[in-house]
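Undergrad: Going from the sequence shown to this note's numbering is simple: count from 1 and add 63.
These are computed hints drawn from the structure, not numbers from a lab.
Owing to the predicted nature of the structure, the values given are computational and were not obtained by experimental measurement.
Quick reminder that beta carbons are idealized off the backbone N, C-alpha and C, glycines included.
Among the clues, some could well be false.
Here are the computed distance ranges between Cβ atoms for each label pair [as the list claims (entries may be wrong)]: (1) Pro641 <-> Thr361: 18 to 26 Å; (2) Ala378 <-> Leu238: 46 to 54 Å; (3) Glu65 <-> Glu385: 36 to 44 Å; (4) Leu648 <-> Gly79: 51 to 59 Å; (5) Arg437 <-> Pro156: 37 to 45 Å; (6) Pro363 <-> Glu535: 44 to 52 Å; (7) Pro202 <-> Asp285: 17 to 25 Å; (8) Pro363 <-> Glu581: 39 to 47 Å.
Derived EDC-like pairs (lysine to aspartate or glutamate); straight-line CA-CA distance at most 16 Å [what the hints assert, rightly or not]: (9) Lys600 <-> Glu369; (10) Lys541 <-> Glu463; (11) Lys536 <-> Asp468; (12) Lys233 <-> Glu246; (13) Lys350 <-> Glu581; (14) Lys574 <-> Glu534; (15) Lys356 <-> Glu331; (16) Lys573 <-> Glu377; (17) Lys573 <-> Glu534.
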Amino acid sequence: MELNAEQRRAVEAVRGPVCILAGAGSGKTTTITHRIANQVASGAFLPSQILAVTFTEKAAGEMKARLERLGVSGVRASTFHSAALSQLRYFRPEAVGRILVSKALVVRQIANSLPAPYKFRAAGDLATEIEWAHNRRVPPERYLDALGEHTPPIPPELMLRVYRRYEERKRAEGLMDFEDLLERAIETFDDEQAVAELRERYVAFTVDEYQDVNLLQQALLDRWLGPRDDLCVVGDDYQSIYGFTGATPEHLLRVPERFPHAEVIRLEENYRSTPQVLGLANRLVPKLGGAEKVLRTTRPDGPEPEVRPFATGEAEGAFLVETIRAAECPLEEIAVLCRTNARLAELEPVLHEAGIPYQGSALLAREAARRVLRALDPSAPAAEGVRAIALEQGWLPRPEPGLGDRELARQADLSLLVRLAREIGGSGAEFRTELERRFGDGASSRRGVHLLTYHGAKGLEFEVVLLPRLEEKELPHKQARTPAGVAEERRLFYVGLTRAKRVLAVTWVKKPSRFLTELTGGARPAEEQPEGFEALKAWRLTRARAEEVPAYVIFHNTTLAEIAGRRPRSLAELAAVPGVGPAKLERYGEEVLVALAQQEVEQDVRVAP
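Between the sequences and the hints, there should be enough to build the whole structure, so can you do that?
TA: Written out as structure tokens, the structure is:
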């Protein structure tokens with residue numbers, strides 16, 4: 064791959080602190096693997112002296128594979144946790160216990176002793192809360208004092224009970240979780256002899272996805288690095304969306320402050336999205352703060368994003384189906400993103416009824432549905448039975464503040480099941496059969512349209528991305544009650560927008576998200592389009608069909624909106640509209656003026672007494 068100027072600059076900076084601010088789709092993995100290869104080829108470092116860390120085993124494997132294709136082997140590429148485990152086994156093998164792959168099972172067993180209704184709360188949320196404390200290096204004895212404005216998923220005293228018992232259980236059974244790996248590695252390198260040996264081995268460090276580093280990971284990185292400065296960090300503060308784990312973009316943003324001589328390089332050439340998709344995403348940039356990066360595309364034009372409301376959820380669902388069917392790409396290149404799994408569950412039957420295969424949501428595979436159906440009497444009335452079981456399992460018809468994401472999803476699933484049972488009626492057996500008919504096929508499908516949360520889509524890309532229910536209390540989520548929380552939700556929206564390669568649609572039914580008002584200029588929401596816009600769209604569709612070309616080839620939505628807003632009366636006035644060049648003026652100018660005039664006549668007829 065031929066590198067652009069900024070990528071080459073990063074690749075050639077083989078020594079000293081380097082901070083690469085890499086926008087979405089800007090080729091950051093290509094850049095850092097070429098840089099590591101150049102560190103070796105230039106003789107700056109031996110492969111064995113370089114440690115590269117990222118956040119998933121998949122990403123680490125991809126990094127190794129790319130380095131090998133570049134002719135470099137012997138570089139250690141791993142996650143923070145894998146690196147810490149390897150180092151512990153070498154320096155302190157006695158400190159390595161049995162690794163607890165997931166906290167959820169142990170936490171579930173502890174939570175079962177809580178009073179109702181808290182015993183039914185999602186174990187994943189309680190595990191995340193323990194991680195919240197661990198990642199901030201807060202032990203149980205300081206937990207309550209450290210909460211500040213943070214609200215745990217269950218009352219603080221009960222959460223402290225779970226946290227204490229979890230730590231006691233680990234000690235008693237010789238277990239250690241992923242945070243323990245990092246903490247024990249930090250303790251190990253507080254020893255002068257151990258840290259000296261490690262620093263002799265590893266001389267240069269590269270950290271990918273640096274915007275997702277938390278305090279615990281940063282503390283370990285500080286031990287590795289020491290007073291040296293051969294550090295390259297790569298990240299995008301606009302895509303920092305894991306605040307619930309303790310991650311913060313501040314570590315990335317403060318690199319120039321920590322290393323005043325650091326070379327700061329911005330990668331702003333986007334290889335993923337069309338100018339129209341990036342044009343929409345870039346309108347959020349002034350509100351994202353941090354280190355400004357305005358992406359510019361290398362791809363040809365595509366259709367304008369659809370940004371429009373619908374009167375009902377049914378109408379929005381019909382639009383999704385229509386857009387999916389019209390897409391000129393495999394279904395696996397299409398994604399529907401929502402803020403929560405619960406909202407995705409509502410879309411499962413929409414796609415199922417339309418005969419569109421999908422993957423990634425699966426209401427019937429989740430805990431709430433499995434428990435309800437397992438307890439449901441096949442011969443009893445479904446409506447009463449499902450409601451009674453849901454209440455036994457801690458269903459809250461009006462969820463209270465402070466619930467974690469997983470518990471909110473579980474509550475939403477229970478609410479959906481109660482509503483469906485009321486609507487479908489019949490016996491428990493008949494209800495189960497109808498649920499299987501509506502939801503069953505998608506649960507096991509490995510192919511088809513992707514149904515993903517915004518968090519689940521991070522790092523992925525699709526030809527077509529649909530963002531339904533862009534509404535207040537959805538995005539930003541109703542639990543985002545602080546400025547920092549809302550800022551992270553805005554970054555989440557930005558991540559969603561920048562997953563799209565060519566086709567993008569943003570829709571809503573109820574109160575539109577406040578983020579939509581920040582998408583100023585360009586493609587405006589449908590209700591804000593000026594008189595005449597829809598008439599021009601109708602004309603464009605007819606013309607596009609006649610010429611057998613996509614509609615955006617005739618004129619983009621932004622151009623049509625500008626024409627409708629200015630209402631030109633002559634070719635000279637039309638020529639002054641941005642987006643109407645000489646060729647299009649000659650080809651379509653008269654027709655545009657006729658369409659506008661006809662719309663005015665029809666409007667006059669409608670308002671005549």
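Undergrad: Please go over all the hints and tell whether each is borne out by the structure.
TA: Comparing the hints with the structure gives:
Here the CB-CB span from proline 641 to threonine 361 is close to 22 Å, well matched to the stated 18 to 26 Å. For the pair alanine 378 and leucine 238, the supplied restraint of 46 to 54 Å holds, since their beta-carbon distance comes to about 52 Å. Look at glutamate 65 against glutamate 385: about 39 Å separates their beta carbons, and that is inside 36 to 44 Å. The supplied range of 51 to 59 Å is met by leucine 648 and glycine 79, whose beta-carbon atoms lie about 54 Å from each other.
The given range of 37 to 45 Å is respected by arginine 437 and proline 156, whose C-beta atoms sit roughly 44 Å from each other. A beta carbon spacing of about 36 Å between proline 363 and glutamate 535 contradicts the range 44 to 52 Å that was offered as a hint. In this structure the hint that proline 202 and aspartate 285 lie 17 to 25 Å apart at CB holds, the actual value being about 20 Å. A C-beta distance of roughly 27 Å is found between proline 363 and glutamate 581, which places it outside the suggested range of 39 to 47 Å.
In summary, the hint linking lysine 600 to glutamate 369 is supported, as the alpha carbons are separated by about 13 Å, within the 16 Å threshold. Distance check on the hinted pair: lysine 541 and glutamate 463 sit about 11 Å apart at the alpha-carbon level, within 16 Å; holds. Between lysine 536 and aspartate 468 the alpha-carbon distance is near 13 Å, which keeps this suggested pair within the 16 Å criterion. For a cut-off of 16 Å, the pair hint linking lysine 233 to glutamate 246 stands: about 15 Å separates their Cα positions.
The hinted pair formed by lysine 350 and glutamate 581 meets the criterion: a straight-line CA distance of about 8 Å does not exceed 16 Å. Between lysine 574 and glutamate 534 the CA atoms are separated by roughly 6 Å; this keeps the pair inside 16 Å, and the hint holds. The straight-line distance between the Cα atoms of lysine 356 and glutamate 331 is roughly 6 Å, inside the 16 Å bound, and the hint therefore holds. Proximity of lysine 573 to glutamate 377 is assessed by CA-CA distance (about 12 Å); at most 16 Å being required, the pair is judged to hold.
A threshold of 16 Å between alpha carbons decides the hint, and for lysine 573 with glutamate 534 the separation of about 6 Å falls inside it, so the pair holds.
Taken one by one, the earlier hints fail for this structure at numbers 6, 8, listed in ascending order.
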